[in-house]
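Asks: Sequence:
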Amino acid sequence: MSAARPLPETGSIYLDARGQDRALRISWHQEAAVVVLSLWRDNLCTGSFRLAVDEVPDLIDLLRAGLDKSFASIYRPDPHDTLDDTAVRPRVS
1 MSAARPLPET GSIYLDARGQ DRALRISWHQ EAAVVVLSLW RDNLCTGSFR
51 LAVDEVPDLI DLLRAGLDKS FASIYRPDPH DTLDDTAVRP RVS
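Take the sequence shown: its letters are residues 1 to 93, numbered as in my numbering.
Any given hint could turn out to be false.
Simulated restraints, written as ranges between beta carbons of each label pair [claimed, not checked]: (1) R64 with L15: 13 to 23 Å; (2) A17 with R64: 12 to 22 Å; (3) R22 with L63: 28 to 38 Å; (4) S73 with E31: 34 to 44 Å; (5) E31 with A72: 34 to 44 Å; (6) F71 with L44: 26 to 36 Å; (7) L62 with A33: 16 to 26 Å; (8) E9 with F49: 12 to 22 Å.
Keep in mind that the hints were calculated from the coordinates and are not lab data. A virtual CB, placed ideally from N, CA and C, is assigned to each residue, including glycine.
Could you put the whole structure together from the sequences, leaning on the hints where they help?
Replies: In structure tokens:
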């Protein structure tokens with residue numbers, strides 16, 4: 001387990017929903033043609049995964065499909081809502 005190092009220019013950090021100083025770091029390493037996903041806890045790397053750049057679109061598709069499905073179930077329009085989204089609404093000044 002290694003100590004924290006600066007994140008490359010093209011990367012990001014996502015905090016774990018459970019808190020407790022857990023995070024996911026994602027960093028692009030163009031020189032190696034990989035994206036590194038690493039798990040962190042209390043500024044220590046506890047695990048990492050190197051994803052080949054050519055597999056990134058599949059991961060994005062999976063995340064997008066899950067997100068679309070989640071939003072579809074959470075933000076389902078109310079069938080009793082009579083407001084027509086195409087209707088002209090009065091302008092409020």
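Asks: The structure should be examined with respect to each hint, and the outcome stated for every one.
Replies: Status of the hints after comparison with the structure:
Take R64 and L15: their Cβ atoms lie about 21 Å apart, and the range 13 to 23 Å holds. Checked against the hint of 12 to 22 Å, the pair A17 and R64 passes, with Cβ atoms roughly 19 Å apart. In this structure the supplied range 28 to 38 Å is violated for R22 paired with L63, their Cβ-Cβ distance being about 19 Å. At about 41 Å, the beta-carbon gap between S73 and E31 stays in the expected band of 34 to 44 Å.
Roughly 39 Å separates the CB atoms of E31 and A72, a value that falls within the hinted 34 to 44 Å. For F71 paired with L44, a C-beta distance near 34 Å keeps the hint of 26 to 36 Å intact. Distance hint for L62 and A33: a CB-CB separation of about 20 Å, consistent with the stated range 16 to 26 Å. For E9 paired with F49, a C-beta distance near 20 Å keeps the hint of 12 to 22 Å intact.
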